[in-house]
Amino acid sequence: MSTEVALPILIPLLSGVVSLLFWRQRLVQRFVAVAGTGSLLVSGLWLLSSVSEHGILVMQMGNWQAPFGISLVADLLGAIMVVMTGIIGFAVALYSLATTGRGHEAFGYFPLMHLLLAGVAGAFLTGDIFNLYVWFEVMLVASFALLILGGEKAQMEGAIKYVTLNLLSSVIFLSAVGLLYGLVGTLNMADIAQRLGQVEGNGMVDVLAVMFMVAFGIKAAAFPLFFWLPASYHTPPVAVSALFAGLLTKVGVYALFRVFTLIFNQNPDYTHEILLWGAGVTMLSGVLGATAQFEFRRILSFHIVSQIGYMILGLALFTPLAIIGGVFYIVHHIIVKTNLFLVSGFVNRLCGSYELKRLGGLYRSHPWLAVLFLIPALSLAGVPPLSGFFAKFIVIRAGIETEAYGVTFIALLVGLLTLYSMIKIWAEVFWKAPPETRKDEPEVAPIGQRELWQMYLPIVGLALCTLFIGLYGQPIYALAEASAEQLLDPTRYIEAVMGRSTGVTP
Amino acid sequence: MVRSGTLILSVAARLLMPLQLLFSVFLLLRGHDEPGGGFIAGLVAAGAFALYMFAYGTQATRAMLRVAPQDLIGMGLFLGVASTLPAWWHGQPFMTAQWWTIPLIGFTFSTPLIFDIGVYLVVLGSVLTAVVGLMDGGRDDG
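Heads up: the protein sequence lines correspond to chains A and B, in order.
Everything in the first sequence is counted per the working numbering, starting at 1 for the first residue and increasing by one.
Everything in the second sequence is counted per the working numbering, starting at 1 for the first residue and increasing by one.
In case anyone wonders, no lab produced these hints; they're calculated from the structure.
Check the hints yourself; a few may be wrong.
Unchecked claim - Covered stretches of chain B (chain A as the covering partner; in silico rule of three or more C-beta atoms under 8 Å from a C-beta of chain A): (1) 76–84; (2) 91–99; (3) 116–126.
Cβ coordinates follow ideal geometry from the N, Cα and C atoms, glycine included.
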């Protein structure tokens, strides 16, 4: 029996429950946060090695056979995403030891963090479309609470936009699931894929495809409904921003990848054309939004939007190379973007501000931090030999091979503008002379040695991951290649879930 | 100490509360095969405590509960998650129902029941957390 399929969901659930039981003991909560996310990472790695060895793993929850019960399915893409969840969870848990104040911890920061991770891991592993909706909601409920942690006015304003657009997306998602169930009479994704192949010449399938595209597009912050993201991500405590930036939108992207390779692959000319131009406009509008911003975290938030475009572009081109590029891009982006947010929190801790014009001179006082910023920043812009270069290279090459020159041109242009944005931050925060301090500014508390290490450690770790992917990308590329192969051949997924021979029976 | 000021409510709360709690346990136990279950039973129990709270105030209710409502949520979630694990012991997928019959009284105990008790505690805890929060938040002096 493959225990490892369920462990990445159970571990964060259990750690969340334990830290809720000890909600008065701060030390226990902090210990459980690190231990729980650490074991999530280990279980993710176990799952990944097991999946790459044995192929797609399936567990029928409660021993109810598919398509009647809920199946947990781990294919390579799902397993890779779970590993990323573990890495980000672990890094953010370490980082939040230093940055989350006692007040936030008393309001249940750690239990909510575990719940969020459980929701994210659940969404990556479920093989049932309604269960996917449930995990989305688990994730959203936890993220709503995390977003307003502390209850400042700016947070409320951001949270209202966040909640409204995400609820809209949930409603569209749920109605699409209902209509889909009416059409094929099943909720198991493998079974849906099988039966939808038999429903021919039905315009309803295209309608459903577009509904899912809109629902997941909002969650992934794709054009045109991405406004909730830059409006809310710069408001919560920085560890929360980093967690959201790394994982939440990527769940939407993952759902797009899953649904548009497994279920809606009948009419790619129609749906993937929309995705293609959606991706192009998403890239462009995100990066243009970023150039107009002068607040550290807002710039980064807009860049999430533009980077989402590259991932969707990989899916939309729908060739093996493009899917490889998309998967590679997701892996690269999760690490880099979380790291940039962690650095922004560090800068805020040192100088007491996120506003670019009130920062400066950090290269002189903290040269290593400047280097640690430069690694993810240049990687985001796609400068060789960092991870972003290879991610962009694969996607753009796939674009040229399929002769989608317009979108490829946009992708290249956006890379240049990203570089501009990152250099803007570099010049303002690290290079220029520090601004004269005004009298009314509050003094920033001196930073302790222990706190310093708790913040440096995750940043250095993630930067090393970026360097590793860049300098030694072959194993990651091979993984992405194998997962793209699985994605483009849905029969393997269907057989693994539905077939008696390969299904895991006790 | 009578907080509500009306004699009828105070006396009725004292009489109704045990009945409501008994009824909630009844609903909880019959829930597996018949209408009922952890969720609705938890709501009924929360209603009982809320009635008591309206009559005697939050202090008296806290004293009677003995544990904080937040702890009830934690314990309930713990039972819920723990109930998925025994199947693992038997080498079956998670959440597979396990049944044990206690020989002398013929009572059948099962993991779905543990799960239901967990749901019961979570619902009770979350409703009470909300009600206590609202009643305490209404007064500034607490």
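Hints, one by one, checked against the model:
| no. | hint | in the structure |
| --- | --- | --- |
| 1 | 76–84 | holds (count 4) |
| 2 | 91–99 | holds (count 7) |
| 3 | 116–126 | violated (count 0) |
Hint compliance for this structure: hint 3 is the single one not met.
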